[in-house]
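Novice: Once you've looked at the hints, dock chain C against the given chain U.
Protein chains: 2
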Amino acid sequence: MSLSSSDIWQHLNGLTKPPGSLGRLEELAARLCDIQQTLSPQTSPRRLVIFAGDHGVVSAGVTVWPSAVTNLMLVNMCQGGAASTVLAGQSGTEVVLVNVGAIDDPITEPPTANSGVRYRSRRVCNGTRNLAIEPALTVDEFQQAWMIGEDEARSAVESQVKVVIAGEMGIGNTTPASCLAMLLADVPLDNAVGQGAGANETSLSQKRNVVEQAVARAREIWERDPVAAIASVAGLEIVAMAGFFVAAHRLGLTIILDGAVASSAALIAEHRSPGVSRSMIAAHLSTEPAHRAVLERLSLTPFLDWNMRLGEGTGALLLLPLLDAASAMISKMATLESFGISPKVTS
Amino acid sequence: MSLSSSDIWQHLNGLTKPPGSLGRLEELAARLCDIQQTLSPQTSPRRLVIFAGDHGVVSAGVTVWPSAVTNLMLVNMCQGGAASTVLAGQSGTEVVLVNVGAIDDPITEPPTANSGVRYRSRRVCNGTRNLAIEPALTVDEFQQAWMIGEDEARSAVESQVKVVIAGEMGIGNTTPASCLAMLLADVPLDNAVGQGAGANETSLSQKRNVVEQAVARAREIWERDPVAAIASVAGLEIVAMAGFFVAAHRLGLTIILDGAVASSAALIAEHRSPGVSRSMIAAHLSTEPAHRAVLERLSLTPFLDWNMRLGEGTGALLLLPLLDAASAMISKMATLESFGISPKVTS
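Protein chains in written order, with this note's numbering: chain U, 1 to 347; chain C, 1 to 347.
Just so you know, not all the hints are guaranteed correct.
Since the list gives no way to pick out one identical chain from another, each pair is judged satisfied if it fits inside one copy or across any two copies.
[Unchecked claim] Computed list of lysine to aspartate or glutamate pairs in DMTMM-like fashion (alpha-carbon distance at most 25 Å, straight line):
(1) LYS332 to ASP305
(2) LYS162 to GLU150
(3) LYS332 to GLU158
(4) LYS162 to GLU212
(5) LYS332 to GLU109
(6) LYS162 to ASP324
(7) LYS162 to ASP190
(8) LYS332 to ASP7
(9) LYS332 to ASP190
(10) LYS162 to ASP7
(11) LYS332 to GLU27
(12) LYS162 to ASP151
(13) LYS162 to GLU94
(14) LYS162 to ASP34
(15) LYS162 to GLU220
(16) LYS162 to GLU134
(17) LYS162 to ASP186
(18) LYS162 to GLU27
These aren't lab readings, by the way, just hints derived from the structure by calculation.
If we strip away everything but chain U, and leave its shape as in the complex, we get (with noise of 0.2 Å):
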């Protein structure tokens, strides 16, 4: 017995409100329904999972950012000082950090409770090879990080956790986004390539060669061997994350996806294991220009344009209020049959 769109919408219909009044917020709670498959959704407990690589095509000069930053930011990170921890905390969000192949281990101790951060060693290698002169991941390498991220999915259906969002950390990882965006997502490459976090004029036309060059090898790589195409453009933490989306999916966990990073994760996931994107709700639009024609190709359309590019998880963070503001809509609210209203029926 399947809950179908139309018993969702004749439910929201049925509500003291003029139907489709609420607009979008209609639409999100029809979404969260028809993921969980109920009229009384759930969105808590819920878990960020931030992963943190780093990139050696940062030494291709990509970023105006040194790769160094990576592991500052996960020590700010296990401070609760960054915007996603902020905004966790704001949302009642966990929050597991998993460094599965930063440069370095910053993190000498676990983080302080009242960061309310969870840390947690898994380096496959020391960042990932400069993708602009060689594949930038093995196979043997893509696959430690996709089990790092199904080792993740699995620990959060262990601790209860509905919602769940993937974030990413990495200095460098715009680069890789859009090479997977043109490479699972034939977006062409004008398109595919923006200022990333940090690029300028000089990193911005240096980041366009380097993913034209690094997307013709990685589609010679394809003829023999899918699986080492996607790793010769990929990151770890991209890796991982797909790796969580796939097991999130399998394991009913409803997924609320981020930005362009995280929606490149996404493809390699919807590639591996189609229709993962059915359980994935697309948190935002973010300011890089491929990110549209990826969550196209994903058949998701985003409920926030605001004009985020930071990554981490802050985009889907912002919407978590507006999920629960969902399903308390559509679980809390009257009906207008409880109080025989209907509109006039006028000649």
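Specialist: Only chain C this time, still in chain U's reference frame:
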């Protein structure tokens, strides 16, 4: 010593994120800091005041909902089952429901405590006159309704409230809102009249005729008495909201502006007391066609574009958790300086 916009942006740009990467969340924080003149803005306690009134023009066939629905919705709100009361509960917002002039007073005993709603009966009259054939309100009624709104702003301040929303309930009230958009923001007829909460094709055409004639009459009255002109096409709950806005601004409250009807009240407020909109944050863009032009006239940029058209303060309530997020972001994030992070200088 005032806090300038450039002080605020200097602080925002020094937080641990690329400048501007949180997009509109940063704009929201900047606006809130500017209104409250602090880098540690407060978003609680907060209160939704719903003003209710009926409209004689309903008898001219401008909507498919009968006026009796206003009273039923007051009952629904007092039981906590309306969209507004559910969303208010979700966002930790107090609700005060003020009957400024519904046809009847259906609330015979105080709302149950668990509804979270306080009810005040302050009926100026049994709804407005039918503006299709005569002025809706006299200047005296206008002033009585205005003072009820002012009283509510003072009451909020006495309760230590920092952030307020004015919501409305009144079947037929997008008809006066359309008139006010034409009269006070020069919105052309075709753009001023929309479907509201419930117009069908017949009622929409009727609504357009009614609005055109009522505004023509109001423009004649304007020559001798602008307040009488506004009163002739207004509603009791709309005028109360306008008085509420003017007093809230004067008393230093932050106002989150709801949709098309609340914005028509903001036009009256701004006309009577220029500068009121400097205390306002526009929550959302309604589907009512006049709303965009009205917000432009108020120099406000809406934050959500969610196709909402319910009223009751629901759009403004949805922005509150995002306002909390903006406030937490600006006051709790670590600074780049504390980590010694800066972009690489590239040649």
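Novice: Does each hint hold? Answer for all of them.
Specialist: Evaluation of the provided hints:
no.: 1; hint: LYS332 to ASP305; result: between (28 Å within a copy, 24 Å between copies)
no.: 2; hint: LYS162 to GLU150; result: within (16 Å within a copy, 45 Å between copies)
no.: 3; hint: LYS332 to GLU158; result: neither (28 Å within a copy, 31 Å between copies)
no.: 4; hint: LYS162 to GLU212; result: neither (39 Å within a copy, 53 Å between copies)
no.: 5; hint: LYS332 to GLU109; result: between (44 Å within a copy, 22 Å between copies)
no.: 6; hint: LYS162 to ASP324; result: both (12 Å within a copy, 23 Å between copies)
no.: 7; hint: LYS162 to ASP190; result: neither (38 Å within a copy, 47 Å between copies)
no.: 8; hint: LYS332 to ASP7; result: within (17 Å within a copy, 43 Å between copies)
no.: 9; hint: LYS332 to ASP190; result: neither (47 Å within a copy, 37 Å between copies)
no.: 10; hint: LYS162 to ASP7; result: within (22 Å within a copy, 41 Å between copies)
no.: 11; hint: LYS332 to GLU27; result: within (16 Å within a copy, 32 Å between copies)
no.: 12; hint: LYS162 to ASP151; result: within (16 Å within a copy, 45 Å between copies)
no.: 13; hint: LYS162 to GLU94; result: within (12 Å within a copy, 29 Å between copies)
no.: 14; hint: LYS162 to ASP34; result: within (14 Å within a copy, 38 Å between copies)
no.: 15; hint: LYS162 to GLU220; result: neither (40 Å within a copy, 61 Å between copies)
no.: 16; hint: LYS162 to GLU134; result: neither (39 Å within a copy, 57 Å between copies)
no.: 17; hint: LYS162 to ASP186; result: neither (33 Å within a copy, 50 Å between copies)
no.: 18; hint: LYS162 to GLU27; result: within (20 Å within a copy, 31 Å between copies)
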